[in-house]
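Sequences and hints are given; from them, build the entire structure.
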Amino acid sequence: MPAVPPPTTTVREFAVLGLSKPSGRSERSTVSRAGIVDRARQLLRGYGAILLFLLIWQLASQFSFVDPSVIPSVTQVAAAIVQGFADGSLLINLLVSLGRSGVAFGGAVALAIPLGLLMGSFRRFEELVDPLLQLFRQTSALAIYPIFILLLGLGETSKVAIIFWAAFFPVLLNTISGVKQVDRRLVEMARVFGASRAAVFRRVVLPGATPAIFVGLRLSATTALLLLVAAEMIGAKQGIGFLIINAQYNFQIPLMFAAIVILASIGLFANYTLLLLQSWFCRWERVHREPAGAGSAA
Amino acid sequence: MSATERARHSLQIRDLAKAFSINGKRHTVFAEIGLDIDPGEFVAIVGESGSGKTTLLRIIAGLERADAGSITVGGRPVEGVGSERGMVFQEPRLLPWLTVQKNISLGLELRRLPRPAIDRIVTELLDLVGLRSFASAYPSQLSGGMAQRVGIARALATNPEILLLDEPLGALDAMTRMRMQAELERIWQEQQVTVIMVTHDIEEAVYLADKVIVMASGRGGIGKVFPVPLLRPRDRSSTEFVTVREALLREFHLSAH
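In order, the protein sequence lines correspond to chains C and H. In terms of the numbering used here, the first sequence opens at residue 8 and continues consecutively. In terms of the numbering used here, the second sequence opens at residue -11 and continues consecutively.
Check the hints yourself; a few may be wrong.
As the list claims (entries may be wrong) - Covered, in the sense of this in silico footprint (three residues per stretch, anywhere, with C-beta under 8 Å from a C-beta of chain C), are these stretches of chain H: (1) 83 to 89; (2) 128 to 142; (3) 224 to 233.
Think of the hints as simulated: they come from the structure by calculation, not from any bench. Every residue gets a Cβ at the ideal spot worked out from N, C-alpha and C, and that includes glycine.
Structure follows, in structure tokens:
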């Protein structure tokens, strides 16, 4: 089986989401001075590096340590974002991009998860198809984009197709490995308690593979955005990727930066959403790794 | 859950044989095992690694097939897994994504019992194993002993006639293990269930079992059956206890006397 990243979500990522403490209720209800200081310290730890980066960027541009016509200040970029949304130019491009990547990502997920579950469950089938998957996976999606353009033209279809292609494999491969990593002893246990094949799949295999599937989903979301920009930089008339290239041609540098910031935000938002979903689907992974109560031994 | 809902039957094993083939070579695990276990009896099977004691238990559970021979419960032959036999594994094998109570109710849900009945049985079992306050904890929050008690409760949930224990306390530390042995004895007495326990702890076998069966490796099956006619609860330091233990140790050539 190929080297697929292990199904992990770092503690830090959950911490950023504010999910690290399942007992967060008591923490939030105590609005004391110390609590506020604690909260501020927590925020600083979480976002301090970003704030510092923005500050340096702002000062460097404002005081011309870098050429402000090439790297506009944070405030100029922010103004460009506000204006872009106000006159609708950013919004329409954003929607077009979200549509393309959403359809492609959704389609890839809808196909890759069932196929991965099937392939993970039937070893013969998986062995048969795996070499081909490895070949496809190792071939850069960008390299074969020209083939997609030749086959499907420069329009929407080839753009959606290439994003679909790139988003498909991380989900598929992680789903397969997730199914294969399910503890056989748990499967045997379920059989002893009267589970049919279908019940074993639903109650043991599927929940056991879910964390790995989410790793695939998050990898896929990242890849989908990467390919989105690439596809939109070639022969597109709309979209965030088009906007970046077009703004550069027209030397609307603040607008270009605005588009880049929007793109980064989409990525962050997608990852955040998937993490939220994962933490809901895999609630059991978040519990404290220590005895739940005190006193009772054995 | 009343222990009398299901009639208790005796278990009979006749001429049971099992061989594995490894790299084309056949290895006999055991041949011609015969065994009678009365309803409500506590039987311990001891033996060295490779003596086939776990294989025997897995065949009784229906997880493996014998090459020859028969197993009957109350005269009816045993085929595959069945709800009249519950199993506890050496590792607790709890589903990590289910809470304690959902883990216990697994067998009941798979058998599509109505929800109120499931809830009632689970509550009773939580009390039986002393884990009521841990009902909604996840397995990762439990100690080894607690997890194994959940495993025992899960096996008892379907009200089996026969409880099969595959070295259930083998992974626990010595103190927890002794406490769990007493727990196991109490649960067995309350549930009036037949227990077949595989162990390699001879003292554990003498402490718990009505009779101890010694699986002799290389001799094709059961070597000797040692009845343990001691009153319960047993005193590990009493002369009678030590005498039985010595006799068993001698069987394994492990006694200094």
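Status of each hint after checking the structure:
| no. | hint | in the structure |
| --- | --- | --- |
| 1 | 83 to 89 | holds (count 4) |
| 2 | 128 to 142 | holds (count 8) |
| 3 | 224 to 233 | violated (count 0) |
The structure fails to meet hint 3 from the earlier list, while all remaining hints are met.
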